[in-house]
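Q: Given next are the chains, with one letter for each unit.
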Amino acid sequence: MEQSKRQTLARIAGDIRAGILRGVYHAASGHPGGSLSIAEIMTYLYFEEMSVDPENPKWEGRDRFVLSKGHCAPALYATLANKGFFPVEELDTLRKIDSRLQGHPDMKGIPGVDMSSGSLGLGISSACGMALTAKHKGEPWRVYTVVGDGESEEGQVWEAAMFAAHYKLDNLCAVIDWNGLQIDGPVTEVMNPTPHDEKLRAFGWNVVMADAHDFDSLEAAFAAARACKGKPTAIIARSVKGKGVSFMENKCEWHGTAPKEEQYRQAMAELGQEV
Amino acid sequence: MAEKIATREAYGQALVDLGATHDFVVLDADLAAATKTAKFKAAYPDRFFDCGIAEGNMMSVAAGIAASGVTPFVSTFAMFAAGRAYEQVRNSVGYPHLNVKIGATHAGITVGEDGATHQCNEDIALMRTIPGMTVINPADAIEATAAVKAALELDGPVYMRFGRAAVPVINDRPDYRFELGKGVTLAEGTDVTLVATGLMVHLALEAREILAGEGVSARVVNIHTIKPLDEELILSCARETGALVTAEEHSVIGGLGSAVCDCVSAACPVPVKRVGVEDTYGRSGTVPALLAYYDLTADHIARAAREAVAMKK
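So the sequences go chain by chain: A and B. Quick note on our numbering: the first sequence kicks off at 5 and runs consecutively. Quick note on our numbering: the second sequence kicks off at 118 and runs consecutively.
Take the hints with a grain of salt, since some may be wrong.
Per label pair, the in silico range of CB-to-CB distance [stated by the list, open to error]: (1) B:273 <-> A:232: 33 to 43 Å; (2) B:246 <-> A:52: 14 to 24 Å; (3) B:273 <-> A:159: 23 to 33 Å; (4) A:115 <-> B:200: 31 to 41 Å; (5) A:170 <-> B:246: 29 to 39 Å; (6) B:395 <-> A:232: 53 to 63 Å; (7) B:409 <-> A:205: 51 to 61 Å; (8) A:141 <-> B:147: 24 to 34 Å; (9) B:273 <-> A:260: 42 to 52 Å.
No farther apart than 30 Å at their CA atoms in a straight line, the calculated lysine-lysine pairs in the DSS-like style are these [to be verified]: (10) A:100 <-> A:255; (11) A:112 <-> B:344; (12) B:266 <-> A:139; (13) A:141 <-> A:100; (14) A:255 <-> A:233; (15) A:235 <-> A:139; (16) A:141 <-> B:266; (17) B:430 <-> A:112; (18) A:62 <-> B:266.
To be clear, the hints were calculated from the coordinates, so they are not data collected in a lab. The beta-carbon is built from N, C-alpha and C at its ideal position, and this holds for glycine as well.
Chain B with its partners taken away, still in its complex shape (with noise of 0.2 Å):
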């Protein structure tokens, strides 16, 4: 069994590492200690600013900040950061396109016992509809890390979200690399491709040995970067396995399978199965419970893969 650790603990880490070496400020909503900014405060405490439980005021706050020449990263809940402070993301953020990096933690389903009024399945919909914003989904802390460093590295508004759940870290390999907007073949196959993001990758892994045993031949893609979407990648797998399904722990509306579908449906129309939250809310419960529950399980991805091979024409 891997090793699990949760992205956001990965999040924390990542600005106490690259804080030693370049000068951004951090901000929270009096979440710190959950969002792992904290690891930052005590490192810097003189580059942290608590904006207490005022998320709208605080995503302005940081395109002020970002305008006056310094990074910020801004971080609270995926509920309060792309729900509550939607609208001062698109306007103060987005439309000056500014080097504002929200780091968005408490995402999906995974916030287990809290329920429904705290999982936001909704972040990468919402988030992805703003002209500019580059979103990103770490399948683990490994690439947590990695997410963290290019964010920062990039011109313009980054949204990152990160887990509040330890999930098995996959990446662990010395040719790791990270390379922003570009997804990452982790298994081949010929009958049909998982198109998996964030903790779904590891599941849709899962998925493909269950095929196998059946004599299904899937290929696995993490889709890290949900925008911009890596197309080409996306457009090879429906040429070449005539068949997607995608996987995410976020609503099955306007997420990774919306992206997916799109891309394809212009390009080279393929049958799309899309697992994820079906349209409707949380509730509460332990992480492994909820995940059952809504059906984000290898032997849903599996089964979903069998319905998609079998609409090939």
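For reference, chain A alone in the conformation it holds in the complex (with noise of 0.2 Å):
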């Protein structure tokens, strides 16, 4: 990747960062570790990797996304904002009694939004039935979505694994966030999924591993799933939950709480952005 290219995308994913902590912070409330730690993979899907059109947000011929992780949908709104689907300053409006964006994705009501998630395990199948469309009707276009680590303890993410596969869906991409902590404590220690290679390998998947918050690595593993014909493909996205905040990395306590002024306006200085 030309380094211009990818000073571009690092500076769009620190906005991205900054609208997430912007959301929630007004919001007092939302889930800013596991926002964090997709910005990279949000900004190399909306603006290298996929074909969206913020003028036309129901273009029939669009790539999808599907953030099955739905309480991450901080990332997703920062995304769509620094895309030109609704204003940036909107991210203010986060979880307000009379915002459109809701505390998970809402596709009824934001531009942009191509499926409403949130219940974890649900949105990894909605994709699927995406990609069987696109596969049916013999459209080009491709699915994407994000699916969490601690999400993937859901059965139902390998009920949509073991359909993934069995039809073939070469044009559906999940990327698993590996941040590798969840509410209660490590993943690991939770209720450990891993390995995930190994079990999406003999559930039929095209595997790839990645780090999640470097653009060359993203651009390989994109291009990988995009290469790979007749499986569909994972991207496991090695991460550090809460990145870019050094108070908020790898710190559990920050799934799901907002910060108070003081850290929201150190978090905002460490990124080098105004409030």
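These two chains come separately, so use the hints to put the complex back together.
A: And the structure:
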């Protein structure tokens, strides 16, 4: 990847992190940890990988995205806002009574949201339904979904994994955000779902490992997904929960806690963002 | 004796017939032979997708298909469509108000010999709590056929309830018309109204004959659409006959009986007796034995009607 592109994407990821913090801070609730861990993934998807049109969010030929780990809606909203689906200022209305930015993604009300999600395990199945439809209709568009590592404890994730391989959904790419932490503690201690790579390969998937915060690594992984025929691809993306904010990194307690004002100011300062 | 056909047979045939002119797909969870979607699979194999024994995944897959602009019919037994996959129906299908048409077969006690684990007497209650969900429980094969067409033409999610057992055809008449959300007055009467749904409709008609022999004039209303309920018709029956009996092959909790009580208690309180499966599980048995065991009979409807009439002021 060219240095200039890498720098541009890094700047966008910074803006998305700022958008996440701004939304969660103003809502005084929400999920910053797992939102920050997918900032580069969301950046790469919406600014490099996927074909979407902010002027025409329901364009039939668009690539689809399902945030299966729907509680990380702040990351999706910040990405959509920075892409131009709605004003960045609207992020301040997150979770408020008169806002369309619901606590979890709502496809009926929010431009650019392709599927309502939030109840864990359901989103990846809906992504399978979309990919199956594209195959059925002979359409070239692709389907992307981001699944949480904790989310993969849901049985339905494995039902979907079986389905996607059975129907050879090579137009489906699932990114597993492997930040290693869930609400009650380390994922491997709460209920160990590993090894994802061996399990998914056994289910019939193409599996690619990636560094969730390295654009060159993500570029190679998504290219490998595109190149793979006859199988769905899982990108197991090693990430840091709370990435980019020193006091949030690798801390379970920032899974679903909003920063207080002083913490918000410090976090934004660390990101080089104005409050 | 009228011809007897299971509503699931009509469902499968309706999918085949409508499939010739409408571009929908059908999903099933390894029960195509029983739900009768196998007929559709045979006719249009490239539009049928077996999801295996994974009903939760199937329901969310259906939501993804609908979100991509194709209407899916989704079939399995009522126990697994409304029970196992309740949360997927609620969150994947209901919340985004997607065009998913659920064809749930083997509903109610008449599953028969398979017994309690497969006898879903709770599906109407579960499905009617979901905002925006249309719930249809046809009385016979003719009504089932009409319901499938109406569901396809409606914009939004629909739950259709079909039975395993063959039931008498009661709507075989030239002027039969199906209108979603509209109840059908099958026989006039002045002392009490028998409000029935599904296979209980023909038993309500039998109960009316029993009551006529005792000088009690019973009106019979068929409620094929449980949600949205035809409140106008229910309230006019309450006002004009002063007492109601509901009859359903479903728990007395949360189904037609509850819906009717909700309606009349708010606008025109009258005595309502509910005939249905009492707060209990099913058991193995033949269909006639089960209907008798759980008091889902014309005699019991007539007895409830006598009680309701006695309660009138």
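Q: Compare the structure with each hint and give your call.
A: Right, here's what the structure says about each hint:
Distance hint for residue 273 of chain B and residue 232 of chain A: a CB-CB separation of about 37 Å, consistent with the stated range 33 to 43 Å. The supplied range of 14 to 24 Å is broken by residue 246 of chain B and residue 52 of chain A, whose beta-carbon atoms lie about 43 Å from each other. Separation of residue 273 of chain B from residue 159 of chain A is about 29 Å and conforms to the stated range, judged on CB atoms against 23 to 33 Å. Taken as a hint, the range 31 to 41 Å holds for the pair residue 115 of chain A and residue 200 of chain B, whose Cβ atoms sit roughly 35 Å apart.
Hint check: residue 170 of chain A to residue 246 of chain B, Cβ distance near 33 Å, so the stated range 29 to 39 Å holds. In this structure, residue 395 of chain B and residue 232 of chain A meet the distance hint of 53 to 63 Å, their C-beta atoms being roughly 56 Å apart. The beta-carbon spacing between residue 409 of chain B and residue 205 of chain A, approximately 56 Å, falls within the hinted interval of 51 to 61 Å. Taking the beta carbon of each, residue 141 of chain A and residue 147 of chain B are about 25 Å apart, inside 24 to 34 Å as hinted.
Checking the proposed 42 to 52 Å range against residue 273 of chain B and residue 260 of chain A shows it is violated: the Cβ atoms sit about 33 Å from each other. Taking the CA atoms of residue 100 of chain A and residue 255 of chain A, the gap is near 26 Å; set against the 30 Å cutoff, the hint holds. Between residue 112 of chain A and residue 344 of chain B the CA atoms are separated by roughly 22 Å; this keeps the pair inside 30 Å, and the hint holds. The straight-line distance between the Cα atoms of residue 266 of chain B and residue 139 of chain A is roughly 26 Å, inside the 30 Å bound, and the hint therefore holds.
For the hint pairing residue 141 of chain A with residue 100 of chain A, the CA-to-CA distance comes to about 39 Å; that exceeds 30 Å, so the pair is violated. Pair hint residue 255 of chain A plus residue 233 of chain A does not hold up; C-alpha atoms about 38 Å apart against a cutoff of 30 Å. At most 30 Å may separate the alpha-carbon atoms for a hinted pair to count; residue 235 of chain A and residue 139 of chain A meet this at roughly 13 Å. Taken as a hint, the residue 141 of chain A and residue 266 of chain B pair is honoured in the structure, with Cα atoms around 23 Å apart against an allowance of 30 Å.
For a cut-off of 30 Å, the pair hint linking residue 430 of chain B to residue 112 of chain A is broken: about 50 Å separates their Cα positions. Our distance criterion of 30 Å between C-alpha atoms is met by residue 62 of chain A and residue 266 of chain B, whose separation comes to about 27 Å.
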